[in-house]
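Starting from the structure of chain A, add chain B where the hints point.
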Amino acid sequence: MSDLLRAESLCKSFGKVSAVRDLSLHIERGEIVAMMGRSGSGKSTAMHMLAGLEQPTSGRVLSDGRDLADLDEDDLALWRRANIGLVFQAFHLIPTLSALENVAFPLYPEKMRPKERRERAAIRLEMVGLTNRAEHRPSQLSGGEQQRVAIARALINEPGLILADEPTGNLDTETGHEILELFHQLRDDAGVALLIVTHDDEVAASADRIIGMKDGGRVDA
Amino acid sequence: MLSYVTSELSRRPSRTVAAVISIGIGIALFVSLQAYANGFRAAARAPLSEVGADITAQRQGDVPEEFEGIVYPHSVAPIDPDEIKAMAAIEGVEDVAESLFFWSFDEEGFLAGLGFDPSVDFGPGRLKAGLTEGRFLQPGDSDVTIVDTSFAIQNALGLDDTVSIAGRQFVIVGLVDTASVGQIANANVYLSLADAREMAALAPNVLAVHDMGPDDANLLFLKAEQTQAEDVVAAVEVVLGEKALVSSAESFGGQLGALFDLIDRFGVIVGLSAFLFAVAILLRTVAAGVWERRREVAMMRAVGWRHRNITRQLMSETLVVTFLGGLVGLALAWLATAVMSRSDVTVPVPWELSPSPHFLPGGAADVTVVVPLDAQVTLTTVVIALVLSLVAAALVSLWLPRRIANIKPAEVLRSE
Chain A
1 MSDLLRAESL CKSFGKVSAV RDLSLHIERG EIVAMMGRSG SGKSTAMHML
51 AGLEQPTSGR VLSDGRDLAD LDEDDLALWR RANIGLVFQA FHLIPTLSAL
101 ENVAFPLYPE KMRPKERRER AAIRLEMVGL TNRAEHRPSQ LSGGEQQRVA
151 IARALINEPG LILADEPTGN LDTETGHEIL ELFHQLRDDA GVALLIVTHD
201 DEVAASADRI IGMKDGGRVD A
Chain B
1 MLSYVTSELS RRPSRTVAAV ISIGIGIALF VSLQAYANGF RAAARAPLSE
51 VGADITAQRQ GDVPEEFEGI VYPHSVAPID PDEIKAMAAI EGVEDVAESL
101 FFWSFDEEGF LAGLGFDPSV DFGPGRLKAG LTEGRFLQPG DSDVTIVDTS
151 FAIQNALGLD DTVSIAGRQF VIVGLVDTAS VGQIANANVY LSLADAREMA
201 ALAPNVLAVH DMGPDDANLL FLKAEQTQAE DVVAAVEVVL GEKALVSSAE
251 SFGGQLGALF DLIDRFGVIV GLSAFLFAVA ILLRTVAAGV WERRREVAMM
301 RAVGWRHRNI TRQLMSETLV VTFLGGLVGL ALAWLATAVM SRSDVTVPVP
351 WELSPSPHFL PGGAADVTVV VPLDAQVTLT TVVIALVLSL VAAALVSLWL
401 PRRIANIKPA EVLRSE
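Chains as they are written, first to last, in my numbering: chain A, 1 to 221; chain B, 1 to 416.
Rather than coming from a laboratory, the hints here were simulated on the basis of the structure. Remember, predicted model here, so these are calculated numbers, not experimental data. Don't take each hint at face value.
As the list claims (entries may be wrong) - Think about it this way: if two alpha-carbon atoms lie no more than 25 Å apart in a straight line, the pair counts; the simulated SDA-like pairs of lysine to any residue are:
| id | chain 1 | residue 1 | chain 2 | residue 2 |
| --- | --- | --- | --- | --- |
| 1 | A | Lys214 | A | Asp72 |
| 2 | B | Lys408 | A | Asp22 |
| 3 | A | Lys115 | A | Ala134 |
| 4 | A | Lys115 | B | Ser3 |
| 5 | B | Lys85 | B | Ser3 |
| 6 | B | Lys243 | B | Pro350 |
| 7 | A | Lys111 | B | Val5 |
| 8 | B | Lys408 | A | Thr57 |
| 9 | B | Lys408 | A | Asp72 |
| 10 | A | Lys115 | B | Lys223 |
| 11 | B | Lys223 | B | Ala194 |
| 12 | B | Lys408 | A | Cys11 |
| 13 | B | Lys408 | A | Gly169 |
| 14 | B | Lys408 | B | Lys223 |
| 15 | A | Lys111 | B | Asp231 |
| 16 | B | Lys408 | A | Lys115 |
If we strip away everything but chain A, and leave its shape as in the complex, we get (with noise of 0.2 Å):
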């Protein structure tokens, strides 16, 4: 298996605050990893610096090769639209937006008729199973079900990796396990990479590989 993303000797600090200290890893396509510390570890930090939402003090990160720091915001931006997904344990939905349009919300700067982005957002939004929750907003759904809108619409460009953070923290444990199962189809039946960043060991525990963190730092077992 070749390489999603790779990060090579991470470093965040904020201030004189160490977050993240020498993280190097690596994402192989098709793979479930799940980076797993307590609160404060700096696994949050290290997703952040792997979307490139945060630029890393020190260390690169690599996309098929690409060192992330070459590109502007907007082109980080082009990059996370077109390569990953992205999931928060508070969804982050737009309030205003249904299900449907939360899913295409992605798709919304792109020149496309609207027909063809709703279509694309009905068949992921099939795909988690909430094809009935269409129409509803946020403010409608459980938080499972929130959950779902969120993974579809990190699925609506069809992305080789997921970064999820804490996708089931604000989950009940049954619907928690129903978001991990439907990582795992995903992962069979797409062949979608995901890279969960937990605290949770029963999480943990249904990944193919586990990245220990503490202190900002990598501590495998």
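Same frame as chain A, but now just chain B:
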């Protein structure tokens, strides 16, 4: 993106309505004040436009020594033919109508008379429209007169009766309702300019205080190019010297009181201030909106929107809001002007323009022209208002990208 724009605006109604109303009020104030000022300007033109003129020119003279026979009120001293030619030659002057206003005192009482050329269709020539009986004066007429209907009723006069003016008998050939035509230079009797000049040139109490020539006039009506009217006024004042009494829409505007004066002077400034205030509110609303939606903006960045995509989205929302605000503003302005147009404007006519002796009963009564306030929203004002709306949107849009750039997705998404 249009669906996102409509979703944002329709599903956040309170914010949208607040922004639309703030812009709407600014536009409405601006447009209404202009309409109000335009209405007053139109009203100020009414006394002169009633007689088809743009300017009247007189020269102040001396008070008659005795009130006997033909005399000139002190507001109308003779203007000689050279001066009249000089005024006709002023750039912007289209035509000049000459007339001679006088008072006549004899044993039968007092009357005000006006001599004019009936072949000229403006100035006193407009009286033709008020003819109620008989015929109007014709070029070449002599020893005939047309009489104001009120004066005729008061003195039991009718067609073919005679009126004595300074001892000369004039046959009444027509009756005219003077008040229906205008309030400037209203007289009791009207006669040919030639007859009036003949009598004035022989009148001892005119000659006692004036150097009266046979072709002089003492009250001129000028038609002028509207855009040059004020320049013409200045030039006429130069011709007539320091005792010039020149009336125009501008001078009538001055009679309309402090409110009009304030609106006329500061209407544009007040309107623009109101508009800028509205822009400030819009800016604040958009700023608050961007702050409230920082997580949304961060997500836009996270899912692959470029800066210009985000700016375009927020600009589109602002543009729609300002456009709606513009429409609301125009609708409010239209309503306000409809209400304004129900009122009347009373334009005082200065005594000098329709003089009657103070010492006679009613001689000092105010003469006024009452016209409906024609407050209309002009196309120019509408265009300016819509351009201002676009300017408002542009101002906000200039500031938006910086505001958006300040939103760091990682910080926002981490802290939420």
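Which of the listed hints are broken here?
1, 5, 10, 14, 15, 16
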